[in-house]
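A.B. asks: Read top to bottom, the protein sequences are chains A and B.
Quick note, the first sequence lines up with residues 0 to 196 if you use numbering that gives the first Met the number 0.
Quick note, the second sequence lines up with residues 0 to 227 if you use numbering that gives the first Met the number 0.
Note that these hints are calculated values from the structure, not bench results.
There's no promise every hint is true.
Claimed, not checked - Short, incomplete list of chain A residues facing chain B, as computed with Cβ under 8 Å: (1) Lys-7; (2) Lys-11; (3) Pro-60; (4) Leu-64; (5) Tyr-65; (6) Leu-66; (7) Arg-124; (8) Ala-131.
What the hints assert, rightly or not - Not close to chain A: a few residues of chain B, all C-beta gaps over 10 Å, as computed: (9) Gln-50; (10) Cys-64; (11) Pro-124; (12) Thr-128; (13) Leu-209; (14) Val-213.
We treat Cβ as the ideally placed atom computed from N, Cα and C, and that holds for glycine.
One letter stands for each residue in the lines below.
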Amino acid sequence: MVELRSVKKVYKDRTVLDVPQLRIQHGESVALTGANGSGKTTLLRILARLLRADSGTVTAPQDVLYLPQHPYAFRGTVLDNVLIGAKDRREQALALLETLELSALAAKPAQSLSGGELQKLALCRVLIRPCALLLLDEPTAALDTNGTRLVCDALARYKAQTDCTVVLSTHAPQFAAKAAERLIVLCDGRIESDGSI
Amino acid sequence: MDSIKQAFDLLFSLDKELFQILGVTLRMSFFSTSISCLVGLPLGTLIGTRQFRGKSFLKKLIHTCMGLPPVVAGLLVYMLFTHYGPFGRLNLLFTVTAMVIAQCVLIIPLVTGLTASFVESESRPIIETARGLGLSDARIILLCLSEGRASLLSVVLNAFGRSIAEVGAVSIVGGNIQWKTRVMTTAIMLETNKGKFSFALALGIVLLILAFIVNAAASWIVKERADG
Ligand SMILES: Nc1ncnc2c1ncn2[C@@H]1O[C@H](COP(=O)(O)OP(=O)(O)OP(=O)(O)O)[C@@H](O)[C@H]1O
Ligand SMILES: [Mg+2]
């Protein structure tokens, strides 16, 4: 289970996140949405333990995967990238690349990918390992309609296999509706609404 | 012009002493640079990637040490290894080992400071991505080092440059002993003091050629590996 209690994040004297109470049950899929600068990335990074809240308590599983809003392409090929820290899962890697229609690019240097291709690669790189809590920051921001559909499918398959909790952020209502069953709207760091889709 | 000709004459005369001095210089610089990098690269990466209390103080301290005058480093090591000093029994004073130690005192802060700055400015997305994948800290450090190898090569070459050009520390703890601890810089100083300016300059040119070869080789190795 994921739980936040009176969590605040302040930069200088601006409060960018202020969540008195938030609970996410095990196995739930939650979409975060809200204007630019509303605190989505901040909330995800706090859950991923990449950022420390200034006050409050955060409960989250140890076993977390986090896909940053701007993922990095490591040196080496696309396949090398998927295999980082997962050397022994070559077959799964190839299968994942296939589902996201990246097979043709497997031997290409990852640093030469287009924005959308890189985003799909970054998702493969995450989905090759199991976790208890999956955090995705705007995973389809650079994708076309087909790419978005592929991501939805890959996510659904991953969830079926691992039974994990998913928290993702997005600006696309349709993607949110397809990939999650609960929608949280952030506004200036506060939860404006929270309900099932 | 005369010096340049003399420099090449020297090199091609295969002068035994010159090559002995070159050998000591290279050996010293190799060990100073390697040890400093073995300590400074991981340490700098650690400082650059971690948030902890006293970090800004530590960084100021390192930056101060980066500007440490070589003679002061030499003096410190001299006092440690002198006959009555705490490590006097090791009998290391006036050996290449002592010169390497003194140079490490100088160069470790340099490597650490430069690496930390590089890591802070360039490796944020790398770390964010790698942490997000749940990779171990050791693995993340290795990834940062390998992703930033072009920048890090310049750190290493900076360290090597400082080592090979340094004279203050090595002359204090090395003593410029012929056939033993004499290196290019102390030899140049000696010749200058004797008034043999053009010979000193010739030695300087040989030193430059040496530095150029090492730099070219290093960038070639990194480029090869990056392409392959
Ligand atoms: N290191 C920082 N220093 C100062 N302010 C910051 C820092 N990081 C984030 N902020 C501010 O916090 C606020 C929330 O940022 P956050 O990245 O969480 O927004 P977001 O909802 O993810 O926006 P977007 O949709 O554009 O990705 C923004 O106004 C941002 O300027
Ligand atoms: Mg964001």
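A.B. asks: Each of the hints needs a verdict: does it hold here or not?
C.D. replies: How the hints compare with the structure:
1. Lys-7: violated, 18 Å
2. Lys-11: violated, 17 Å
3. Pro-60: With a closest approach of 11 Å, the A:Pro-60 hint is violated.
4. Leu-64: Since the shortest Cβ distance to chain B is 6 Å, the answer is holds.
5. Tyr-65: holds, 4 Å
6. Leu-66: Cβ of A:Leu-66 sits 6 Å from chain B, so the hint holds.
7. Arg-124: holds, 7 Å
8. Ala-131: It is violated, given that the least Cβ distance between A:Ala-131 and chain B is near 11 Å, above 8 Å.
9. Gln-50: violated, 8 Å
10. Cys-64: The claim holds: B:Cys-64 sits with its nearest Cβ about 29 Å from chain A, beyond 10 Å.
11. Pro-124: violated, 4 Å
12. Thr-128: B:Thr-128 is in fact no farther than 10 Å from some Cβ atom of chain A, at 4 Å.
13. Leu-209: Given that every Cβ of chain A is farther than 10 Å from that of B:Leu-209, nearest at about 31 Å, it holds.
14. Val-213: holds, 24 Å
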